[in-house]
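Asks: Residues per chain, in single letters:
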Amino acid sequence: MAIAGAILSRLIKAAITLLAIAILNFFLVHAAPGDPATVLAGEAGAADEQMIADLRARFGLDQPLYVQLARYVGNIVTLDLGYSFRQGQPVLDLILDRLPATLILTLSAFWISLLAGVALGVAASARVGKFTDTLITGTALLFYATPLYWAALMAVLVFSVQLGWLPGFGYETVGSGYSGFERALDILKHLILPALTLGLFFMAVYMRMTRASMLEVAQQDFVKTARAKGLMPSLIRRRHILRNALLPVVTLAGLQAGQLVGGAVLTETVFAWPGIGRLMFESLAARDYNTILGVFLVSAAMVIVFNILTDLVYRLIDPRIGHKA
Amino acid sequence: MTLWKRFITNRGALLGLAILIAVILVALLAPVLYPRGPWAMVQRPFLVPFTTDGLPLGTDTLGRDVLAGLVYGARVSLLVGLVSTVMALLIGVPLGALAGFYGKWVDEGAMRFTEFFQTIPNFALAIVLVAILEPTLTSITIAIAIVSWPPVARLVRAEVMSVTKREYVDAARLAGLSNMHILIRQVLPNTVSPIIVMASLMVATAILLESSLSFLGLGDPNIMSWGFQIGAARTVIRSAWWLSFFPGVAIVLTVLALNLIGEGLNDALNPHLARKGRS
Amino acid sequence: MSVISISDLSIALPRGADREFAVQDCSYDIAAGEILCVVGESGSGKSMTANAVMGLLPEGVSVAKGKAEFGGKDILTVSEAEQRALRGDRIAMIFQEPMTALNPLMRIGDQIAEVFEAHNRHRPAERREKALALIREVQLPDPEKIIRAYPFQLSGGQRQRAMIAMALALEPELLIADEPTTALDVTTQAQILKLILDLREKRGMAVMFITHDFGVVAEIADRVIVMRYGEIVERGNATEVLENPQHDYTKRLLAAIPSGLVGQSTEVAKAPALEIRNLEKTYKTGGGLFRERRDVRAIDNVSLTISRGEVLGLVGESGSGKSTLGRAVVRLVAPDAGEVIVGGTDLAALSDSELRAARHKVQMVFQDPYASLNPRHRVMRALTDGPIAKGVPKDKARARARELMETVGLGADAVDRFPHEFSGGQRQRIGIARALAMDPELIIADEAVSALDVSIQAQVLDLLRDLRTRFDLSILFITHDLRVAAQLCDRIAVMQKGKLVEIGPVSEVFLNPQHSYTQALLAAVPGGGWGQAAE
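Residue numbers (the UniProt record's numbering), protein chains in the order written: chain A, 1 to 325; chain B, 1 to 279; chain C, 1 to 535.
No lab work stands behind these hints: they were computed from the structure. Some hints here could point you the wrong way.
Derived pair list, reagent style DSSO-like, types lysine-lysine, alpha-carbon separation capped at 30 Å [claimed, not checked]:
#	chain 1	residue 1	chain 2	residue 2
1	C	Lys284	B	Lys104
2	C	Lys251	B	Lys165
3	B	Lys104	C	Lys497
4	B	Lys165	C	Lys361
5	C	Lys284	C	Lys130
6	C	Lys130	C	Lys67
Looking at chain A on its own, in the form it has when it is part of the complex:
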């Protein structure tokens, strides 16, 4: 009952947030140099006079601002994200077409970074001040300072160009005619480098948080209680320290989701991964603002969904949330 209420309240909040982003988009379009119709049609003569006239009518540019806003938001609520004149397709279709690839990439990167980050953080905290700790913390510091796209380029250079171990380009081998399991394996091979390089930075983030959190929880009274019971140190670490130490990591993971989706723009650009990030990059060069704003809105929606999921996970781990009445 409490959970249902929480989900409902989160959904309402999510809807408000998306609405606010739509309004933000609207004002951004108006802030851009030139009138919104030309902006949305894209420059460089992509649109002819007729199109621009149609757009003006559609946006009601002769109407007062609030009417324009209402129309714009109305369109978005009905999932009409506009039309990409560059690509000759509705923006929504373009995005839905590319969304699966981005989901695969970001979710893989998320799990890799979270699992590896937590594992390394636990390992480092168990050997605080020793060589292993210094090595892990140092490496994390380095990853933390490395631009995503540069890590991606260097990975391509080493593992794809020099060693030839893994493909450094695309989503699957074009024209291979693979299907079923073979195709999945092929996609997996293509996925490894992008997912790893996208995950590196976040792995460093989770590792640092896990380590700090483990050390902090280890000082708490209930750990002393556990020791006083005569429990094995390994069990104390797993059952008492780790579970409590994971709480801030889960919170952080929720907050970092937005960064992950943003980072996908860079990774997909480097690896020519056919997701919405790559779509955004292509639209930048083409000044296809309608598509850019659409991708922006959809990625925000992804982050919101992700936040709701982490919120639910948090509720599952921490009994204190939701019981409070």
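With chain A fixed as given, assemble chains B and C onto it according to the hints.
Replies: Relative to the frame of chain A, chains B and C by itself:
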């Protein structure tokens, strides 16, 4: 002075400081070192590094000196990093301070606003802002500031809330001091340490953001930057690795230096916590 | 036959600590069925021996020499695995902070059953039954529900019972209790002490009971050890030590304890310093779209008067609303309704700016000596900020600050120092000086001596008593400690769940309490014995 003493006993922080000073010097001396600027074509394109005198890092796709680009790039990175951080602090500190100090609906409103900005994928927002406002140094800096302030607001709010609960703040109220006086003179000075630490880490993040925008072609077209160098060389990575390699190293070193300094400051400002973390 | 026998134990502190040994040349035995109280102030090293016996010494602290014989072995030198086998099985321990001593993410039943798991006893299914039996034994209500509850759903006293259940799980021969009742309210404390006494009776285990409170000693101890700076300064039977202490330190400690003696009320003028009329404050929590709203009446229609030159003690347990009342008087908490009249003005009715101008009339002395002074400001600034804001010329305010530091016994030169250069007791003196600097008509002391060791507490109480006669102060003295209240106050007001249940002259309230709650409260004070009124 003990703060400085604690700071310099931290070898990592000292190394970071040395690197940062070197980068600052290079940035300041750029016009002296390369009076012709970073755009001048000095030799034939694709010269391999360490093969030509005077061009230790080789030339790029148009025959420009890679090292000259690096030297000028340092200016942009540092400038954007610093200015956008200051701007983010100017937004985040007052907002967080008011939210934490006044609580209730002020807090509710300010935090909803902050949460909204935190939900938006911040790199995507930066892209949209720069793309729509046209890429210039100003728009890039503003965009980075706009996506960077929410964590500041949250941190300052939490700190102010915790300090405001201290009894000396109650005592100040009972002394008849005004709210603003209490907030500015009694509360905020006690929240400075974590803000300083966060600011140094934010400069690092801002440099990463700037380079990422430039990499995507959203840099100021008139200014040479590290991200632009890498972005321009992306398509020739198979034949001319050095064009992307060296600017990347420059970014990693600078960002690493700032992170090391931030951690050093953190340890020096919170000696108690630092000790706990190590022992 | 002694269960444990400690001989010549010394425990070394890490380098750079304020002394070399936490505990030095410490020897004592505890027999089966015996309760030994180890008494001392903070920093006396009283908990260190227990930690050593448990093998739970903090990092950097180590046994330098000595033995602790238990079951025919020196348990300080056995392997870590052997120590672990003893812990929770033959030696068990309970701690001071029930709020943090339980894992917040595990059900109570699982945490109790974990003791069996650690020592490989019983099948998993049986463990639950055993846990249930233990929960019954420590008299937790509704055992079937408690076993599935999480710690946050239990009160402090219930958590401490759960801790005791864990400790008893494998019928230990030695139970170590490290200040187990310090964090609890006095009535809860009395129940827990009774539970420990009962269990000792039933199980015949040895108990090492660590405490700073001689009242608790009087209730529970068979034998007593008094520690100071890591050394045992006195030992003996409980009655011997309490009634006829030999060592100076013990004598001073016992003298410092507010005794059961109840002071006489001083005659006071009729002019009121403070009048509270029908004050109300309700805290509302929740009330969101999907959350149930909960109202807590922290102040429920309270009226009382404090005369000029009078000390009124406001007592009650945590959650009684006594602190909220104090804060509502100075409007650090905004009351919902009612009047707070000080010197003819109703503080509760003033606008924000009027209030600021009138605030000097009532000043507070706070509980936490470490949070009540701004760490970045010198004492001078702490003492002059208020007077200057009130319009006192700078020179005058500064001169007054020096004078006040003399008055509270710290010396005029101390004004140029920072708070961190002072001890806890000294900081409380600065806090008192800061309140006096505003020339208030009323001082509210909110648990002003609760955070201090008993000997320091006595000094600060002496200072308050002295100031009160010198300056004819009116004080609202808020405390949970009835013994302290009995010492200082002229009249006592008792609060329970936001209501004022009893108010009267100190001797009446203590010797002839009318309300059943007051009676229960007084009966629960360890070592109470409010037999006599002082002359």
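Asks: Taking the numbered hints from earlier one at a time, note which ones the structure violates and give those numbers from smallest to largest.
Replies: Failing hints, ascending: 2, 5 and 6.
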